Amino acid sequence: MTAAAPFGEFVTRAQSRGALVVQPRMGFGDPALMREGLAATKAAAATTVGTLTLDSYTRVGDDESVARALRENAPLNGYPIVALPRATSLAVLDGLRDATFPVQVRHGSPRPEHIFAALIELGLDATEGGPVSYCLPYSRTPLRDAVASWRRSCLMLADTAGHGVVPHLESFGGCMLGQLCPPGLLVAISLLEGLFFAQHGLRSISLSYAQQQNPGQDRQALAALRRLAADLLPGVEWHIVLYAYMGVYPRTHGGALRLLGAAAELAVTAGAARLIVKTAAEAHRIPTIADNVEALELAADRAAGVRRLPDQDGAEVYEEALALVEAVLSLDHDVGDALIAAFARGLLDVPFCLHPDNAGRSRSYVDDHGRLLWSDTGAMPIPASRAGHPARRLTATGLLTALSGMQHRYDEGAP
Amino acid sequence: MNLTYAIPGPSILVTGTSSDSHTWNLVYLQLMLEEMGCRVHNLGACVPPALVAAECLGDNPDLVVVSSVNGHGFHDGLRLIEELRARPELAGTPVVIGGKLSTDGLRNVGLVRRLRAAGYDAVFENGDLTRFRTLVGRLSARVAS
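Chains A and B supply the protein sequences, listed in that same order.
Sequential numbering of the first sequence, starting at 1, is according to full-length UniProt numbering.
Sequential numbering of the second sequence, starting at 1, is according to full-length UniProt numbering.
Excised from the complex, chain B in its bound form (with noise of 0.2 Å):
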């Protein structure tokens, strides 16, 4: 059981990139950050950017987390911060993404940097799960205080 009266924690939007079917790892996303004391709001697959931006605009979430396997999760990666960090209003919303973010499976440190340069707080490249949760912890730890 949920209890409500508890102290909320911080509230994250989950969501798939434009070009990915793919739901099971948002899914897992989900069930582990539920279970982190989280309230998550899951968008799915195949997320246009501009949905991303309204769904961040109406639901002003405490973090924005992006999962893409399908290996296109760079270029639609970067074409979704842009539309998220175009909007001033968004300019200051944490954003990460993760997953298997190219073709090749190879960690690319370019990638990574262009990524952060668009404007992710962070990126984890293939699953780099415990630093993702060390970060979620902490953001945990700020919104309950």
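Same shape as in the complex, but just chain A (with noise of 0.2 Å):
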């Protein structure tokens, strides 16, 4: 295989001469149709990486039915790296993976020791995740257990390290539940996770910010990113990953396309050096391969007609992140130790998050103008300021409002 270029380098590198790195969700578990898709990525008219996104029993660890599915030629919903010979995956990367594409791991594992060992088997350098990110919304898994199998994954990979491998590990702590949760904790987490991972050894690493439904709140919580990523974290590689709208998606064609370039553009204009697309056909099926292509090229087209701005005014989303990082870093030296311990006494505490482990004391809401507040902050060291209106607490019907705004507002045809 030609030598492949360390992923963060190549995202960094791309950053510096103007171009926005995109990347697709793809992942499929046939090993032709991956090798297709991979090829189709690297070919598409933009600045990419490739993706292999593994399928759901890979993710949870369930062996057998993964190898029921491959016996009896059943579809898989993602790429079974683990259940795969190393063979038939080294062949689907064969020619593909080089110095002009990394590829990276997708996966949504709380405890993925057994992802992390067979990517490291096959060369590859590049996964995401995270304790707090791939435990809270997904799973019943304790967040004790998920912090602990975290951080013999992150070693394990920080292990690579070394005669031109540099592993790198993104965050997707700037997702959680991928709608509902302001701005200042999904930063704060998507930090705490960045320094999680340094603090196991890796040195080149992303983090997260998924767009929410006002662009200049999304500007601010960039802004805020790049500043406590800079402070934080001396010595490390990092940059930012943008990921287009994860809510209910525009059911229309030029919705969804539009709502994905609006996302190119926030990107380049705050400061994200890569974005991760949603396609048109996200809202019907499960996308194509041409759907990918066609997503990736349109937030590339979009991408290049626009530049970086100033920061956005403003630092109402840095002041709640910092106040969140500072008193989770104040519980202990252990970033791992600090996160089970903020849970615990909920000063960090999602919104409408379900998981045993989170307080579920803090509720949000949106405002007129697509604005993420909070309603209720509960023991969380917000500033009084910025400490909630219990009067705009959401109703099931404001719920459902809240959650089919954005595919209202592109499928109508505006902005």
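In short, the hints are calculated from the structure, not lab data.
There could be a bad hint or two in this list.
[Said to hold, decoys possible] To list a few chain A residues with every Cβ distance to chain B over 10 Å, as calculated:
| id | residue |
| --- | --- |
| 1 | Arg25 |
| 2 | Arg140 |
| 3 | Asp368 |
[Claimed, not checked] Covered by chain B, per the in silico footprint, the following chain A stretches (three or more residues, Cβ under 8 Å):
| id | region |
| --- | --- |
| 4 | 348-359 |
| 5 | 393-403 |
Just so you know, these numbers come straight off a predicted model, no measurement behind them.
Ideal Cβ placement from N, Cα and C applies to all residues, glycine included.
Hints in hand, dock the two standalone chains.
So this is what it looks like as structure tokens:
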């Protein structure tokens, strides 16, 4: 295999020459189709990195169900990297992964050691997730167990460094539940997971943020993330990755692509280096390779037409995130233990997250401008000026309106 | 503010199924039930049947609401009700299920009948919320009287 470029270095270099790196969430159970998807991503008219998104059985470690699906030729909703023979996966990557095309493994596992072991076996250097962001939203795994597993996984990945290999890990922390989490908390969790990775030996990381409903607030959040990363991650190579809106997606082709275009514009103007795209098929079915290529090329085209802007005025998101990060770090010198203690005390409290280790006292709402705000901050050390408006507490009907706001706005033609 | 001195409404246990990681449906049900004056204990996503049973034994809820939208609700729901009804203490606990219960999204009379036969007191397919609200309203009236 041709020497591959380290993932983080590739993205940082692209950003310095003004190109936004765009990336799909593609994953297929069939190795031939997976290879075809990677090849199409590489050939797209855009600066791309490849993705191997894993199937949900592999994510939860249900080896038996993966084996049965492979035996019976049943479709899987992603690439079963742990179960497939190493030679098969090497053949999928052969000639595609090189100095111009790094590949990242995406999964969603609260206990990912088996996945890290498999990707390291293949010589891959980049993956994503985090002890909080892949535990709280999608599982009942105790946070303590997820932290322990992510500790071991990080050490395993960090251990591959050397001889031109610079392992890279991305925090999914800026995407908690996809929507309705106010940006201060998203930025704080992303930062804290980044610090967790750094504490376990990783020297190349990315911090995430998911596009929400108000571009001004999103730009504030991305500025806060950059400022905090610069202060708190000395000696670590880092970049910001933006996720195109993760909530209920527009049903119309035009609406979906306009929303993606807005995400690309937000990424460039606010200093993100990489964008995870969504496709126009999102609201209807599992996207095809062609859907993904369309999204990658549209995002790249839109990104090329805009420039980085000065940071958004206002420091509300920064102050909120800083207060949360400082409160957590004061609990313990070990970031993992600090995270466990913070959730136990409700110092971090994700609104509408039903995980048993989440305090569940905080609540949020979307205001008339699409800004995410608190109606109740629970026990979180949020500055008093931002402490929330209990009167705006979401009702059941309000929840549906908040969840579908972007779909309606973009399907109706605006903005 | 909660008026804690008011007559307590019915206590309701809301839960997802063992394989379903979706939670917005559960959050929606919780908010709706709270607005109707119910006290809600929400177990969240990916709940194994044995855990639902243990929580029922501890909470003794007036109603158990099972919600699923990942398309496996029929199978997961059957396993769950069998586990609950196997315990004599829970033989009479009202349990209902709703959501998108099958992958094809169509109403399936045979499927509903099997869920009822296995022990569900009501099945609300494809989000039949009007009928569900009526049932909860009746329960509230009974608890308050």
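Is the listed coverage of the region 348-359 of chain A by chain B valid when you require three or more residues with a beta carbon under 8 Å from a beta carbon of that chain? holds (count 5)
Least C-beta distance between A:Arg25 and chain B, which was stated to exceed 10 Å: Fine: 16 Å to the nearest Cβ keeps A:Arg25 off the interface.
Just want to verify: A:Arg140 was marked as not at the interface with chain B; is every Cβ pair farther apart than 10 Å? At about 5 Å from chain B, A:Arg140 fails to clear the 10 Å cut-off, so the statement is violated.
At least three residues with a C-beta closer than 8 Å to a C-beta of chain B: is that true for the region 393-403 of chain A? Result for this restraint: holds, n = 6.
Beyond 10 Å from each Cβ of chain B, as asserted for A:Asp368: holds (20 Å)
In this structure, the one hint that does not hold is number 2.
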